[in-house]
Amino acid sequence: MHIDKDLVAASATPLVLAILASGESYGYAILKRVRELSDGELDWTDGMLYPLLHRLSRLGYVTTEWRSPPEGRRRRYYAITDDGRAALAEHRRQWLTVTRALGDVLRGSSRLTLAVGMA
Amino acid sequence: MSAEATESQIAEWRTYVADAAAVNGHDVEELETHLRDQIAELNAAGLAADEAFLIAVKRMGDLDTLSREFAREHRGRLWKQLVLRSDDEAATAAAGWFEALVFALAAGLAIQVVRLSADFPDGAPSWLMRNLGLFVLPFLAGYFARRRQLEPRAWLVAAAPIAGLALAVNLFPYSVDSVTEVLVAVHLPVLLWFLVAYPYMRGSIGSHERRMDFVRFTGEWAIYYALIALGGGVLLGLTALILEPLGPNVAESVIEWVLPSGAAGAVIVAAWLVESKQRVVENMAPVLTTLFTPLFALMLPVAAVTYAVSGVAGDFDRELLGVFDALLVVVLGLVLYAMSAREPARPPGFMDHVQLVAIVSALALDLMVLGAMVARIGDLGFTPNRIAALGLNLVLLINLARTVWLSVGFLRGRLPFHRLERWQTSYLPVFALWVAIVVVGLPLMFAFN
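Chains R and C supply the protein sequences, listed in that same order.
Here the first sequence is numbered in the working numbering, starting from 115 and rising by one per residue.
Here the second sequence is numbered in the working numbering, starting from -8 and rising by one per residue.
Don't read these hints as lab results, they were simulated from the structure.
As the structure is a prediction and not an experimental result, all values here were calculated from the model.
Quick reminder that beta carbons are idealized off the backbone N, C-alpha and C, glycines included.
Hints may contain errors.
Claimed, not checked - Here are the in silico distance ranges between beta carbons for each label pair:
(1) G340(C) <-> L210(R): 40 to 46 Å
(2) T213(R) <-> I46(C): 52 to 58 Å
(3) L210(R) <-> A213(C): 48 to 54 Å
(4) M115(R) <-> L92(C): 36 to 42 Å
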């Protein structure tokens, strides 16, 4: 299945925020988590995650810190802030509304399912 | 394939990534760690080293797209040598000198026509001073409208307020020796500068990022203009000395011809330089702020303490408020300049504290003077000059007070730097509005006296 580019882009911010809400993490691990959660269907171009993370940091949704564990590489860790949690809650509200509406309408009419599928 | 070969491949990849203008050293490191993680995982899954490298690089994404994404997020860094054109296309801007030249020549010619019809400097009619900005800055607006390839509709939106101002300023029946007319002469260029922002931002005046770009542009334009003025001054001085033997009037008339056109044309040329040769100034902006912020942070508290000890209530000039307006403008300029050159993600540092000291002292000074001033205005009454000075002072005071509040939050780690930036860019229209009130409102209020 190929997921539309716009849909991937729109879901990126809430996904990253939600993953960080369950604990701080670094780029590669976040990306792995996204793949796991979507059974590999949501396949981001790896590099694009970083400009997104930097934007979240500029907006104050996440804080960053370089850390080098005793074994392993030096990495930039990202942790969610209160502002980030607030933004996540807002995303959550919006997505719930969208998915509820979509779910209703897609279940309700098979003809419409076809139309939406083709769009 | 050996591990060394992979290492050299990674090194080569890193140089490519590091070449991108908007990707800095930390980003390269972050991306490289990611690449290595990916390679390690693929290796563990049984892939050969070179296969693992190829797949990891492919997953990372096309480098052009990647650097464009970084450029979008880190516009400030990109400022170094590139200008963001249209949507996301980064282009070197050395081209377009011909366009700049045409507009510069047009501005130079326009000012010459005006000068001859006003018989300047023998006669200096008040309409000349009042309209001075209108003879130059519309050319700058036109230059950007062309350069940003504005739609015909946007051309109209850009031109309408300028035309409206030109009409208003010239239809107002100012009285002889009108004070409001002088105020208009001083404020109109500033208002026109704000109107240049519309074509500069390609019409997207709501975008905070674009507004910050315009702030940057303003600061760097001022530097370039000052440099051109210095060079031009040397040139004219030498010319005058060389021509002196030919007679006293020769040099004088050459300067009369060259200076106005040069000053007008330099407005466009400086704008073009900012657009195309950013690298030079990019290095200058942080240096200038690091140099002058501590000096102001030193001078202002001393002045504030002196004032507090000696007491402002003493005899100070009635127009002293104008001086303090200038002081606050300079401090705000430093703040904006430092802000536009700053990497937003950097944690608070020493310079941020120094800057806070400077702002707080400027505010303390201003409040002392303002208090004394307001007490006096009760006795002396409102004049157009006093309203203009007082209004500007209040507008600046509100801005800086809130800046202090947000700065403290930022230094304590409670607020992201982004909030400070947002506050400044949101406040810009307030300045424009106040200047518009002075240009259009005050003459009406005071019956053009």
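Open item on the list: Let me make sure I understand: some of the numbered hints might not hold for this structure. Which ones are they, in numerical order?
Closed with: Structure breaks hints 2 and 4.
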